[in-house]
Amino acid sequence: MENLVLYLLAFLVFPGFLFTSTFGLVVSWIDRKVSARIQWRVGPPFFQPFYDLFKLWQKELIIPRSAKGMAFIIAPFIGLAATSLLASIIGIINLNPEYQFVGDVIVIVYLMMIPPLAIIWGGFSSGNPLAALGANREIKLMMGYELPFILAVVTVFFKVGSISLGEIIQYQQVHGALLNHPSMLVAFAVSLLWLQAKLGEIPFDISEAECEIMEGPFIEYSGPLLGVYKVMMAMLHVVCPWFLISIFWGGTSMQGWGILWSVLKFVFIIVLVIIIKNTNPRVRIDQAVKFFWGWVTLLALIAMVLMFLGY
Amino acid sequence: MRSIIPIGPFHPLQDEPENFLLTVEGETVVDIDVNIGYIHKGIELLAQQKTYDQTVFLVERICGICSITHTVCFCNAVEDLLKVEIPERAKYIRTILGEIERIHSHLLWMGLAGHFIGYNTVFMWTWKYREPILDMMEYLTGNRQSCGMLKVGGVRRNLEDSRFPALLKTLSEMEPKIKMLAEAVQDDPVLKARLEGVGVLTKKDAIDYCVVGPTARASGVDIDVRRDDPYAAYPYLDWNVIVLNGGDVYSKFLVRVLEVLEAIKILRQAVKQIPKGDFLLEIKEIPPGEGIGRYEAPRGEDIHYVRSNGTNFPERLKVRAPSFINIPSFTASCIGQQIADVTITLAAVDPCYSCTERMISARDLSGNKKYSQKDLLEISHQKTLEISRNLARPADLPKLKKYL
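First to last, the protein sequences are chains A and B. Residues in the first sequence are numbered consecutively from 236, following the working numbering. Residues in the second sequence are numbered consecutively from 90, following the working numbering.
Hints are computed from structural coordinates only; laboratory data are not their basis. Any given hint could be a false lead.
[What the hints assert, rightly or not] Under the rule of at most 20 Å between Cα atoms (straight-line distance), these lysine to aspartate or glutamate pairs were calculated in the EDC-like manner:
#  : chain 1 : residue 1 : chain 2 : residue 2
1  : A       : Lys525    : B       : Asp311
2  : B       : Lys354    : B       : Glu272
3  : B       : Lys281    : A       : Asp440
4  : B       : Lys172    : B       : Asp453
5  : B       : Lys292    : B       : Glu262
6  : B       : Lys354    : B       : Asp250
7  : A       : Lys375    : B       : Glu374
8  : A       : Lys525    : A       : Glu402
9  : B       : Lys217    : B       : Asp250
10 : A       : Lys375    : A       : Glu295
11 : A       : Lys525    : A       : Glu333
12 : B       : Lys172    : B       : Glu374
13 : B       : Lys217    : B       : Glu262
14 : A       : Lys525    : B       : Asp277
15 : B       : Lys365    : B       : Glu174
16 : B       : Lys139    : B       : Asp453
17 : B       : Lys281    : A       : Asp521
18 : B       : Lys139    : B       : Glu379
19 : A       : Lys375    : B       : Glu116
20 : A       : Lys375    : A       : Asp521
21 : A       : Lys525    : B       : Glu116
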C-alpha cells in the first residue's frame, strides 16, 4: 500500500506530471525567448506559457460534428499519460540508478512512440482532411526517424552490455560519460536529429506546417483539449532530452554541484534544438524521410561499426 | 483516392481572403481551382463619380503596397490622353518613390516567402531591414504608405534636396545586408533543396500565360516596362533588367533580391541627377479622348485605361493589375507538385488579390439570359433548400416542411 502511494506520487507529482509539466512550460518560455532574440524581437515575459495554458483551460470545448466518437477526446489524455509515465520512469532511475525497474530502455523507447501515435489518432478522428493529411505525414516521419534512433540506442546496449537504464547510468558513473567515445559521439549526433523530429521542431515540423496545412492534426482541437496537447508537447521537451542525457551523458544528479551541471547539460541540448530550429526552413516530407533513411541511418551504422572496432 | 484540400478563404498562407481548391491524390496536386471575389471594392465604378484629382487618391487605395504604382499608372494614362510632357523634376521624383516602393515590396515578399517555408528567422530579419526604407518614405513624403504625392501633371509636393543625403545613407547601410541575404540564399543547402526546381514555369508557359514582372523574368522572358515603354526618368538612368532562366521559386527569389540591388543603383543615380525647377504642370481641363498608362509594378506590368468625355469626371477607368495576369499561371506551375511545394509556388508570384478582384456577371448556358440580382438570390435560396433537404437531421424536417 505504501508503495502504491509512492508510485502515485512519482507519477503525479515528482518527477512525473506536475514537475515535468512545470519545467516543460519553463522550457517553452526559453524556446520562445531565445527564438525571439535570434529574430530581433523582445519575446514574451516569463509567465506567458502559464497564462496561455490558463487561457486555454478557461475556453469553451468545441467538438466538431465530424469527429469520430470518443477517440477525439481520449487521444490527448493518452499522450499525456504516456509522457507522465516516461517522466516518472526516467526521473526515478536517474535519482536512484540501483532501483530495479521491471522494464528497461526498450520500454522507454516504446512509450516514447505513444505521444506521436496519440497525435495521429486524434488527427484522424477529427474528420478534417487537413488533419488527416497532417497525421499521414506524422506516420511517415515517425517511420523515418525511429529506425536510426533505435540503431543508435542499440549501439549503447552493446557498448554497456545491458539494456537497463539504471545499469547504463551506473556504467557511466564508473567509466565516465559514454560521450567520451567517438562512436558514441556519432550515435549522440543521430539522437539529436531524432530529437528535433520527435519534438516536431523545424526543419521537421512537417506534420504541423502552419502555412501549408494549418497545424495539421491539431486543427480541430481547441480549448482544454488543445491545452492538454500543449502540456504534452512541453513535457516531451523535458523528457526526450533527459533520456538522451541519461543514456549518453552520465545522467542527472541531485547532489551539490551536480544539479547545476545537470541543468547545464539540459540547457545545452535545448538551446541546440532552438538554434537548429531558427536557422532552417521546413523540409518536405519526402526529403525528411530520405534524409533519415539515408544519411542518418548511415551515420548510425558508422557509429555501430566504430563501437565494434573499439572506439 | 482524390480529396479536395481548400486553401482559404481564411488561411495563414495569405493575408487576403481568397480560395484555392487543390484536388490532391495523396500529397500530389492534380488540379487547382482559383476562386476570388471576396473583397471586391468597386473601385472602377467609384472612379466614375470622382474628379480626376480625387481619383488619384482613390486608385492609391487599390492596394496597400502598390500605392505609388497605381497612382503613377493612372497619371500616366491621363497624361497620355492629354499628350503632355511633365516637368523633369517630377519625373525623377516619381522614379525615386517608385523604386523605394519596389524595394520595400520585394523585401516584404522575401520575408513572407521565408515564413511560408517555415523559416521565421528570414521573415523577421528581412522585415527588420525593410523598416528603415519605410521610415525614409515617411521622412521624404510624410507617410510610410499612401503618401498622396501624385497629381496629374506632376507631383503634389516637392521633395526637399536637403533630405536626400539621409536616403543615400540608408541605402548604403542597407546594401550590404541585401547582399548578405543574396549570398545566404545562394549558399544555404537546405533552402536550395526547398526552393530549387519547385513550381517551375517554363519559358513557353510563361509566354503562353502572358505572365509579367519578376514571374516572367525568372522564366527567361525579357520584359520590363521601364525599359520597353519608358516613363518617368528611367531612360536617363543606367540600370539592368534582371533575367534568370530557372523558372522555379528559387529563381523568382533571386530575381527579386537582385532587383532590390538594381533599385538601390537607380535611386543613387536619380538622387544625383535630379534637376532643380518646376515639379507640377498646371492642367486646366481634360479634353475628350482616351489614354493608356503602363507601369512596372513590383509584381509586373500594371495598366490603367482612362476615357474622358470632356467633363472633370473620367467616363471610364479600367485597371488591370499584374496579379490578374499572373494568377492563372498556377495551372501550369502547381499541377504535379506536392502540397508542401504548392503553398510556396502560390506565394512565389506575389499575388495581390485586392488588385485582382473583378465583378462577375452570370449568364445561363446559352449565353442569352443575363441573371439579375433577384434571379441569383432565388437560385441561391433554392440551392440552400436542396442542401438542407439532403443534410437535415430527421428532427429538423418538420420545421423545413413549410419551405419545401
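The hints, checked one at a time:
1. A:Lys525 to B:Asp311: The hint is violated at about 38 Å.
2. B:Lys354 to B:Glu272: Judged against 20 Å, a Cα distance of about 18 Å means the pair holds.
3. B:Lys281 to A:Asp440: holds, 18 Å
4. B:Lys172 to B:Asp453: Violated, at roughly 43 Å.
5. B:Lys292 to B:Glu262: violated, 36 Å
6. B:Lys354 to B:Asp250: holds, 18 Å
7. A:Lys375 to B:Glu374: violated, 69 Å
8. A:Lys525 to A:Glu402: Since the Cα atoms of Lys525 (chain A) and Glu402 (chain A) sit roughly 35 Å apart, the hinted pair is violated (cutoff 20 Å).
9. B:Lys217 to B:Asp250: Judged against 20 Å, a Cα distance of about 27 Å means the pair is violated.
10. A:Lys375 to A:Glu295: Status violated; Cα separation ~33 Å.
11. A:Lys525 to A:Glu333: This hinted pair is violated, its Cα atoms lying about 40 Å apart.
12. B:Lys172 to B:Glu374: holds, 13 Å
13. B:Lys217 to B:Glu262: holds, 13 Å
14. A:Lys525 to B:Asp277: holds, 19 Å
15. B:Lys365 to B:Glu174: Holds, at about 17 Å.
16. B:Lys139 to B:Asp453: violated, 34 Å
17. B:Lys281 to A:Asp521: holds, 15 Å
18. B:Lys139 to B:Glu379: Satisfied, since the Cα-Cα distance of roughly 17 Å is no more than 20 Å.
19. A:Lys375 to B:Glu116: Holds, because 12 Å separates the two Cα atoms, which is no more than 20 Å.
20. A:Lys375 to A:Asp521: holds, 9 Å
21. A:Lys525 to B:Glu116: It holds: about 16 Å lies between the C-alpha atoms, which stays within 20 Å.
In the structure shown, a violation is registered for the earlier hints numbered 1, 4, 5, 7, 8, 9, 10, 11 and 16, in ascending order.
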